[in-house]
Amino acid sequence: MIAVDANPSYPQKLAASPHVSAWVSASAGTGKTKVLTDRLLNLMLSGEDPSKILCLTFTKAAAAEMQTRLFHRLSSWVQMDDTQLHQSLEDLWQGPVTPPLHLKARSLFTQILDLPSGIKIQTIHGFCQTVLGRFPLEARIPAQFSILDDTTAAALLHRASAKMLHQKSQEYPDLFDLLALHYKDKKFEETLEDLLSHRRNLRQLSHHNLDSYNHHLKVTLDLPSHLTLLDRQAREGFIAKASQEGTYNRAGLLACLEVKANPILERWLASSVEERVALYDQYARLFLTADGSISKRPAVKHEVEAERIYQLNDLLNRLEIAQKSLILFVFGTAIYDHYQQQKLIESALDYDDLIEKTINLLNDPELAAWVLYKLDGGIDHILIDEAQDTNPAQWDVIKALTQDFFRPDKSNRTLFVVGDSKQSIYSFQGANPHDFVRLQHFFAQQSQAIGQTWRTVDLSVSFRSTPQILNLVDSVFTDKTLQEQVLAESNLVHTPFRQNHHGKVCLWPALIKPEDEEKGDMTPWTLPTVRIVDTGLYQQYAHQIAQQIDHLLHSGMILPSTKQPIQAKDILILVRQRSDFINHLIRCLKQRHIPIAGADRFLLTTHLAVKDLLSLGQFLLQPLDDLSLAAVLTSPLIGLSHADLMMLSMNRQGSLWMELIKHSESPTYQTAYEWLKEVLDKTDYLSPFELFSYVLHKLDGKKRILSRLSHEAEDVLGEFLNLLLTLDHQISPSLELVMGEILAQGYELKRDSADTQHNEVRIMTIHGSKGLQAPVVILVEKFNAKSPTGNILWRHTDQQCNLLLATPPKAQDIELTAVLKADHLLHEEAEDKRLLYVALTRAQDHLYIGGYGDKQPKDAWYSLLEDKGVVKEEWAPSVIPSTQDLPALSSVDISMLPDFLSTTVDLSHQLKPIEDKEPTTAQAHRGILIHKLLEILPELHPSLWQEKGMQVIQGMTNDLALQQDCLTTTLTLLKSDNLRDFFGQDSVAELEVMTANGDLIRLDRIVLGPIIKILDYKSSQTPPLSADQISASIKQQLKGYKQALAFLYPNTPIDCYVLWTTNGRLDQL
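In terms of UniProt numbering, the sequence shown opens at residue 1 and continues consecutively.
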């Protein structure tokens, strides 16, 4: 840390000069927003046309902040007297402040107001939307295009995924077989989601088709050219070829057996080639370690065979990577192409399209100059904010805008860029901090080539933080490796402006899982008779943090920046990522009556206010839904106590709604009944938006919710109504459809993180805190192991993606994937340190750091700060929340409670022992096999019945004769004319239905249509001679099925049938 210059604002003034192009590296807290605003003001004061100035920001919030500052300065100039104005202009203007400059300053406010479209301060996406909106024909897009937000785009991608998965599985059945072979459970779904989040990469691979990418993979992964990647048996083929006699040293392996017996090696040598294929994994483990390398202490010491198996294993790994990568390429590109077609049909563009279409338009040699000229007569000055977070595609827009910028006859044009490579934390959006450094030289050369003055300005005077915080930041990043990771200068120094303000930096105790918990509790299980509250690490730490915040708020400590005691709004809690810790911390703070703003981002449907409204919607759709009605009755909308609800629910004969109707004249329940009846009467006549607007405004629903949940629910309710209004226009305004859409999609709400209007503690991720500051920052780190690489590896050359690979587990890594993983890890570690820089520099006065986890890694932030000698501070004494402020429990008449609540539980009862099932007979086993085939095969194309049927049956029995018998019988049944309806497109297999008494039944087959047909399979060895002789138990069983369906379909005739699989006879009951 160095002493502050006599004029700390001089570098800012230098950068704000209007007649030079400048590239500004602004460390945290050095006033980059002020520099941008000053630059804008200087340009306008120097006589530049405001309509020819373009300012591009990273977020809408930043654009709004800059516009607010600009208009505040301009309006204040109008109101100042001459002395005040002169002083203000002297602080800004580099030349002499003259009376004409006074006049110019006072006139700028009205000049800006008179601009038809206002001053152009926009996000890059907003600017692109403006350009495309003015030139849709030239850009070859629909004239009345709409913009897809992230949620709508995700829904469109989901529908495209479902359609393409079905279509491609029919088109390439072998590919679907590979999918089933390589991806289990939800792994493919997660991988596909990861894949579709990189649509720009998919677009760059779209020039490939199945055959060309197949060839590309084989060349890249050094696989045989004749290999068919879609062959499910390719792996077995390689193993079989390598297991043949003559391909290995049999004599050498036999000699190994003489030295030391090994049953696996003995079995492998004695087996046939086909059997060796099945034994391969066990055989390979004789020579290789779990991670696939050659073992230093192998079970069988034979170096030549170990090397041979290692090479074979590497080939198999390359094969599996190629097959999985081909699966992802085919499905990924197909989904992307269909997604693009759907956007075209709907005349919609997503955010990526805005960038891409604008780049194409501005790079069109026949149109670019004319388009730029028509944009208010051209653009003479471009200002770019947060340049370190600009991704390559967005830089392409900027380069397209400036392609005709640096000309000798246009030397008055300027480019101003401000950013900080140390704060580049958005790599998941494609940002690369190296671009910030590289493009600085690119634009400098262009500017200097035409003789223009170019300035590179470093802003290092921090107006935000105290010396203690800046000392820590400088100390942490003195390490050369860390400096390289954040792309900082070798002498990274932050100069504090607040020299005389004393701050505080300290570590709070970390919480680590005890070693005895690591080993596990071996105490025998006993019947739990006492409730034990779950106290996980994150819950314990949330409690400690809440206790410490409570202590800070009651400490009376004066903050240097505010000159007041610490208030809730002064505290900002930062976490690396959202987790259950946030929810529990919010709960702990509320228990201590500490005002908390809530999470900065969350799913709309998870908020209590929205849950109550959705419960109301579900009740309106189905008044017999007791659970939804109970939630509404005890919600703020109606406000019954749980005791009132219990009294209403006990001993009722019908539904809860019917019981409420019976008690509609009771003083306790009358208001609730009348309120719900009024809403029910409106349901059929109002759209969902109108209905919930009526509930929230006319019926005081909003007022009631805010009285219970405080004002933090206000923006949630507003967002909920906005969503309903949007859905009313997008889909049919039906309550059922709208409710289904809301529950199906993950609509996310983002709160204004900069809002300090309310006296509340704020909690957010470090990414969300970018650009913000707070007097007191609490950084909570969750100790994690190294994050996995992800499900997909991408390889880029010259910023173009040319390879997509499925990420293998470490044991199956090959040289290429190991290199790509290592490269990814380097980038992750570098961004991790930049994230730390951003977190530390949010604090103005006090910085507290804590951490929790199973273990504390050496590379954890907490460990790094410990090594730097940061002072440790013990927890403050515990302050137990007062119970005096807790609401009193409503009294309940004990005599009205059901008997079981007052009966002592007898704990001496023993569980009934499990009875052994009767052994399955051969005939019953045959019936089970045929049953399974009849469930699966009708869903497939008839041409696949033989092949797929054999695959299914081979997995269920090794009896070859039984396999052939069951498959032949099944195929005969499927081809039977009188059974065609039962296996057609209107039929459903294994349909589960809940009976009136709560039993779950499963129907073998059902046909839904004008007449419902139930089909039940029977595998008796001696079927009855006719339908009349069918046993009473079977008839009773089918009668029960019919009654269950009749409850669901009261107006549809239902027929019952029995199919005897032994002889193929169909009987109707």
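Treat the hints with caution; some may be incorrect.
Said to hold, decoys possible - When the alpha-carbon atoms are kept at most 30 Å apart in a straight line, the in silico DSSO-like pairs for lysine-lysine are as follows:
#1 296 to 810
#2 480 to 513
#3 241 to 260
#4 60 to 13
What the hints assert, rightly or not - Using C-beta positions, here's what the derived DEER-type ranges look like:
#5 828 to 363: 29 to 35 Å
#6 296 to 972: 42 to 48 Å
#7 360 to 710: 35 to 41 Å
#8 710 to 429: 43 to 49 Å
Hints listed in this document are in silico derivations from the structure and should not be mistaken for laboratory results.
Given the structure is predicted, the values throughout are model-derived calculations rather than measurements.
Every residue gets a Cβ at the ideal spot worked out from N, C-alpha and C, and that includes glycine.
Results of checking the hints against the structure:
no., hint, in the structure
1, 296 to 810, "holds, 19 Å"
2, 480 to 513, "violated, 33 Å"
3, 241 to 260, "holds, 27 Å"
4, 60 to 13, "holds, 26 Å"
5, 828 to 363: 29 to 35 Å, "holds, 33 Å"
6, 296 to 972: 42 to 48 Å, "violated, 59 Å"
7, 360 to 710: 35 to 41 Å, "violated, 49 Å"
8, 710 to 429: 43 to 49 Å, "violated, 33 Å"
The structure shown violates the earlier hints numbered 2, 6, 7, 8.
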